[in-house]
Amino acid sequence: MMASDDEEYSVPQAFGAGIKRKRVPFIPSKDATALSTTSAPVTVSSSPAPGASSIADKYLSIVLPSSSQSDTVLPDRASTDTKLCEVCHLPLKGTPKRPKQDGEKDTPDSTSESAVPVPHEASLAHQVCLPHSHPPSAIDRKGKGYRYLSSYGWDPDSRTGLGPTGSGIQIPLKPKIKNDTTGLGVGSWRDEIENAGGKRHERRLKQLREKEEANKVKNTPKLNAKQIRLQEEAKRRQGEKLRDVFYRSEDVEKYLGS
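In the UniProt record's numbering, the protein residues as written are 1 to 258.
Quick caveat, the hints were computed from the structure, so don't treat them as lab data.
Check the hints yourself; a few may be wrong.
Unchecked claim - DSS-like mimics (lysine-lysine), calculated; alpha carbons at most 25 Å apart, straight line: (1) Lys206 x Lys218; (2) Lys83 x Lys93; (3) Lys178 x Lys144; (4) Lys254 x Lys241; (5) Lys142 x Lys178; (6) Lys216 x Lys226; (7) Lys216 x Lys206; (8) Lys222 x Lys211; (9) Lys222 x Lys235; (10) Lys235 x Lys216; (11) Lys241 x Lys218; (12) Lys142 x Lys176; (13) Lys226 x Lys241; (14) Lys176 x Lys144.
Stated by the list, open to error - Cβ-Cβ distance ranges computed for the label pairs, FRET-style: (15) Gln170 x Glu213: 42 to 50 Å; (16) Gln127 x Gln170: 23 to 31 Å; (17) Pro119 x Thr181: 57 to 65 Å; (18) Ser133 x Ser61: 56 to 64 Å; (19) Thr181 x Ala138: 48 to 56 Å; (20) Pro28 x Ser61: 20 to 28 Å; (21) Ile169 x Gln127: 23 to 31 Å; (22) Thr181 x Lys142: 21 to 29 Å.
Beta carbons are placed, not taken as given, at the ideal position from N, Cα and C, and that holds for glycine.
Produce the entire structure from the sequences given, and follow the hints as far as they go.
Here it is in structure tokens:
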């Protein structure tokens, strides 16, 4: 065996594990006689040092009254001194600050180098409350529907709905995409009824078909025997003409000698 196999791996200690720290003695603000430390005891006299009380009292007189007064007086001043904007009803003071852009010069009113005060009129809350101008409506001014509605006082640019109170829909005609090439009205009602499905629609479809057949029978004129014979002869001649056009062959006629 090699010598490296007998060596044992030792886990390294954590950082600062072998460092001995000395205790830091703290002096309390009020009655304290002594503090025991690792090096030597430190004794503190109960009588304050000359001038210490006067300094503490002066400090408290400067800090506490001003903070208490500010807590009680500032709300009153804010309610009386601040002016509200007539548009957004927000205080005019305390405008937000925007980041300073490159190449912008410093102003004497700016308090920091990285931010520039923004006027209240340029703030987002004020801009949202302002009345905005909307683009004109895309409705065709030459259409008959527009002329009819405008004759009754409807204005598409007013952004109000139909009706005398303006509570109706803003777009009078709802367009529907037409993906086929059939003419207008071809199978419109029949397709809608058949596609909808249901017993009610089937019954309605049956009624419409019966009504169509009844109208067709009712509108057909009554013919006498002579008119019926002439109609049958016209149909026979039309059939012979069609057969002659589609099935006539010149080779067969030459062979037959006709």
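Quick rundown of the hints versus the structure:
Distance hint between Lys206 and Lys218 is fulfilled; the C-alpha atoms sit about 18 Å from each other, no more than 25 Å. This hinted pair checks out: Lys83 and Lys93 have alpha carbons roughly 8 Å apart, not beyond 25 Å. Restraint check for Lys178 and Lys144: satisfied, since their Cα atoms lie roughly 21 Å apart, inside the 25 Å limit. Distance check on the hinted pair: Lys254 and Lys241 sit about 20 Å apart at the alpha-carbon level, within 25 Å; holds.
Under the criterion of a C-alpha separation no larger than 25 Å, the hint pairing Lys142 with Lys178 is consistent with the structure, at around 22 Å. Annotation: proposed proximity of Lys216 to Lys226 holds, straight-line Cα distance about 22 Å (limit 25 Å). A C-alpha spacing of about 15 Å is found between Lys216 and Lys206, which places the hinted pair at or below 25 Å, so the restraint holds. Distance hint between Lys222 and Lys211 is fulfilled; the C-alpha atoms sit about 20 Å from each other, no more than 25 Å.
Distance restraint check for Lys222 and Lys235: the Cα-Cα separation of roughly 18 Å lies within the 25 Å cut-off, and the hinted pair is therefore satisfied. Only pairs whose Cα atoms come within 25 Å are accepted, and Lys235 paired with Lys216 is accepted, the gap being roughly 21 Å. Annotation: proposed proximity of Lys241 to Lys218 is violated, straight-line Cα distance about 32 Å (limit 25 Å). Taken as a hint, the Lys142 and Lys176 pair is honoured in the structure, with Cα atoms around 20 Å apart against an allowance of 25 Å.
For the proposed pair Lys226 and Lys241, the alpha carbon gap of about 23 Å is at most 25 Å, so the pair holds. Only pairs whose Cα atoms come within 25 Å are accepted, and Lys176 paired with Lys144 is accepted, the gap being roughly 18 Å. Remark: the range hint 42 to 50 Å for Gln170 to Glu213 is upheld by a beta-carbon distance near 44 Å. For the hinted restraint 23 to 31 Å between Gln127 and Gln170, the CB-CB distance of approximately 25 Å keeps it satisfied.
At about 60 Å, the beta-carbon gap between Pro119 and Thr181 stays in the expected band of 57 to 65 Å. Checking the proposed 56 to 64 Å range against Ser133 and Ser61 shows it holds: the Cβ atoms sit about 60 Å from each other. A hinted range of 48 to 56 Å for the beta carbons of Thr181 and Ala138 is inconsistent with their spacing of about 26 Å. The supplied range of 20 to 28 Å is met by Pro28 and Ser61, whose beta-carbon atoms lie about 23 Å from each other.
Checked against the given bound of 23 to 31 Å, the beta carbons of Ile169 and Gln127, roughly 30 Å apart, stay inside it. Range check, Thr181 to Lys142: Cβ separation about 26 Å, and the 21 to 29 Å hint holds.
Taken one by one, the earlier hints fail for this structure at numbers 11, 19, listed in ascending order.
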